[in-house]
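Participant: Chains B and H supply the protein sequences, listed in that same order.
Number 418 in our numbering belongs to position 417 of the first sequence; there are no gaps in the numbering.
Number 987 in our numbering belongs to position 30 of the second sequence; there are no gaps in the numbering.
Check the hints yourself; a few may be wrong.
Chain H is nowhere near these chain B residues, computed Cβ spacing over 12 Å in every case [stated by the list, open to error]:
hint, residue
1, 23
2, 31
3, 140
4, 160
5, 169
6, 171
7, 183
8, 317
A short, non-exhaustive set of chain H residues, derived as facing chain B with CB atoms under 7 Å [what the hints assert, rightly or not]:
hint, residue
9, 964
10, 992
11, 1000
12, 1027
13, 1036
14, 1050
15, 1057
16, 1060
17, 1063
Simulated from the structure, these hints should not be mistaken for laboratory data.
Note that the Cβ used here is the ideal one computed from N, Cα and C, for glycine as well.
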Amino acid sequence: MTVLISVAIVAPLLAAACSLAVRSHPPGRDIAVLAGLGSAALASHIMLVTVARDGTHTVAVGGWAPELGIVLVADLFAALILPVALTIIFVVEVFAIGQRRTVWAANPQLSGPLLCVLTSGVSLAFLTGDLFTLFVAFELILVSSYVLLTHQGNRSQVRAGMTYVVMNLLASTLFLFGVAFVYTATGTVNMALLAERIPQLETGVRLGIGAWFLVVFGTKAAIFPLFSWLPDSYPTAPTTITAVFAGLLTKVGIYSMIRFHNLMGMEDLGPIMLLVAALTMVLGVLGALAQSDVKRILSFHVISQIGYMFMGLSLFTVAGTAAAILFLIHHMPVKAVLFLVGGLIENHEGSSSLDRSGGLAGREPLVAVMFAIPALSLAGIPPFSGFVAKLAVISAAVDQGGTVVVVAALLAGGLTLLSMTKIWNEVFWGGRTDGPRPRPAPRRGRRIMHTATALAVAGTLMVSLFAGTLLDLSTEAAEDLRRPASYIAAVRP
Amino acid sequence: MNAALLLAVGGLTAVGLYLLTGRSLSRIILGYSLLGHATVVALITAGGPAGWPPIAGQAAPEDMSNPLPQALTLTAIVISFGLTLFLLALARRQRTLSGDDLVEDDLEDRRIAAAENAPTGPEDPVAT
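Isolated chain H (complex conformation):
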């Protein structure tokens, strides 16, 4: 285990999670990217100590680094890359619709808020 890498995982996760709790989707996208990096580093750390590149004939097998986590990491990177793009598209759509990229309250929250403001009846303020 490499302490520097573990600290990196912790730091990336902390910052990523903090950004993820924000209201604006652009912050959430940044947070998600950082969390993606954190998982990549965690997977690499899980593979054990670093070594020679795992290419046949280049080094003795016991001196090579573990190739399996690298393969897993590659898959994870591709997936998180695609999802980041999808999130960006979603943020752009939200901006077109509302002029901002904030995550809005859900239906129940708005219903409760409306019921508190207008105690006369449970009128539905939002068209589904």
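Chain B on its own, in the form it takes in the complex:
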């Protein structure tokens, strides 16, 4: 088990180093990247099976006591989310290999190694058991995302990159201040010890810490009113990079909130958080309706969907937390697939703008199907995974009597369907406008892209197929989070 945890974090870093060493040799570079990402993904799947069978496993790095050293904790929550995240990165990298030699492709010499570093950061963020290592993991993710976002150095990327970088730097600074506050108040940064000590603090100090970290993680997760950086920066990056960002980065923020605010017992913040969740859902989807570019529409939907997960968390019940976890599992692949389909649309139509494309359903029926399934899932239409996840979130809210937020959730769901219909009408039906089009990917590349997207679509269908099992596992993970005693016991036997 120790080996699995190490592989998930270290293998991608080694792969990054190897692929940089052989960067002028394309096949070697790709093999190194795919081997690193693949072994991490494989390790995380085995980890899920092991944790589901044997329970939480912890690794004290270097054998230090939890007060002093770094602790890595593979509990059921981490083990559930990690395989989904790492598999998405792997599939996106395969897609990126097919997309080479088109104008939309990322620079493979840089994007492969950086994606590996980002993967390592994601693994570390999910597995870490202390607040400061979480900060380091965030930095690992963010630094690689800064470079991935701006590495082509064109004008719109540098412009959007500046906002993105400055906003996230400010959030990271606030994070460090938060660590200092927590350390002053409790004398530790270990989450298990914090789960013991923070609930004993005075109400004012406790809620201050909770609200502070709500802002810190909320900026990363793009909740209302901290989301303005997201829809501006995501669409400027190459599609594969946006797919990873949209699928994972904001979710790491939500993941941290689900872990931190549940373990530290921040129930008192619930009502305010529910209001924020409602505003995030509705404003995100309204923003999406005003856009006329596939990638920008999808970026606004990222925000709207974050609202649902935040809503599940804000209920602070086992059902609500379980629903938020299930929503995470559903949302990460669906969002990544939609951006990959956006990449296919760019490839076939020459642009992701709604005005310049049309009639794709007739020419590429497979792409139309691969768009329709995740799009319906995003809107929450049965029998796709989005329906199960939304049903879980909304029924958890109904149990708590949150009428306003339930209405907001249903409204956002309807508007999501409207906005997906808009993409469908403009891109897949109707006629095509003429204009200069960049050269599409060669035949072999197109086949790789289609296969990768189809695999990812199949993955989203698996989520709805195994929704019952996943909900059971999520409920079990949520019970552990709502009852910090089991987490504390696992870290300090």
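Using the hints, position chain H against chain B.
Facilitator: Relative to chain B, chain H alone:
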């Protein structure tokens, strides 16, 4: 708690945040550096009173200063150093592209501004 250090944290944060609200990236870089210093001092303050260097055998453990915040601080310094360099590279790139290092308006702002100036149609003034 040392009042002088706390005042230093407050002062550095105030100046840093003020600089961060500027439009030019070189000011933002200075602001970010100051904020980085503020977090370092805050973390050190969080570690309790100063004492002897935390090296085994040099002093009694209860007279030593707390080594954990120092380790955290070191990590934070390295990260903020690297990010400052990245910001400088970004400012240089922006200068090459536009002749200045100003943070430009985002797409929505420019669209709204253009729609107000030309009320005939929502023409997109910028190529994405």
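Participant: Does residue 1057/H pass the interface check with chain B, least Cβ-Cβ distance below 7 Å?
Facilitator: violated (12 Å)
Participant: Take the shortest C-beta to C-beta distance between residue 1027/H and chain B; is it under 7 Å?
Facilitator: At 12 Å from the nearest chain B Cβ, residue 1027/H fails the 7 Å test, so the hint is violated.
Participant: Is residue 183/B truly not at the interface, in the sense that its beta carbon sits beyond 12 Å from all beta carbons of chain H?
Facilitator: Violated: least Cβ distance 8 Å, not greater than 12 Å.
Participant: Against chain H, does residue 23/B hold up as non-interface, every C-beta pair farther apart than 12 Å?
Facilitator: holds (24 Å)
Participant: May I ask you to check that residue 169/B keeps its beta-carbon over 12 Å from the closest beta-carbon of chain H?
Facilitator: violated (10 Å)
Participant: Closest CB-CB distance from residue 140/B to chain H, is it above 12 Å?
Facilitator: It is violated; residue 140/B is separated from chain H by about 5 Å at its closest Cβ, not greater than 12 Å.
Participant: Hey, does residue 317/B actually stay past 12 Å from chain H on C-beta?
Facilitator: Given that every Cβ of chain H is farther than 12 Å from that of residue 317/B, nearest at about 28 Å, it holds.
Participant: Against chain B, is residue 1063/H within 7 Å by beta-carbon distance?
Facilitator: This hint holds: residue 1063/H lies near chain B, its Cβ roughly 4 Å from the closest one there, short of 7 Å.
Participant: Is residue 160/B truly not at the interface, in the sense that its beta carbon sits beyond 12 Å from all beta carbons of chain H?
Facilitator: violated (5 Å)
Participant: The hint names residue 992/H as touching chain B; please verify it with the least Cβ-Cβ distance against 7 Å.
Facilitator: holds (5 Å)
Participant: Against chain H, does residue 171/B keep a CB gap of more than 12 Å to every residue?
Facilitator: At about 7 Å from chain H, residue 171/B fails to clear the 12 Å cut-off, so the statement is violated.
Participant: Does residue 1000/H hold up as a contact with chain B if the rule is Cβ-Cβ below 7 Å?
Facilitator: holds (5 Å)
Of the numbered hints listed earlier, those contradicted by the structure are 3, 4, 5, 6, 7, 9, 12, 15.
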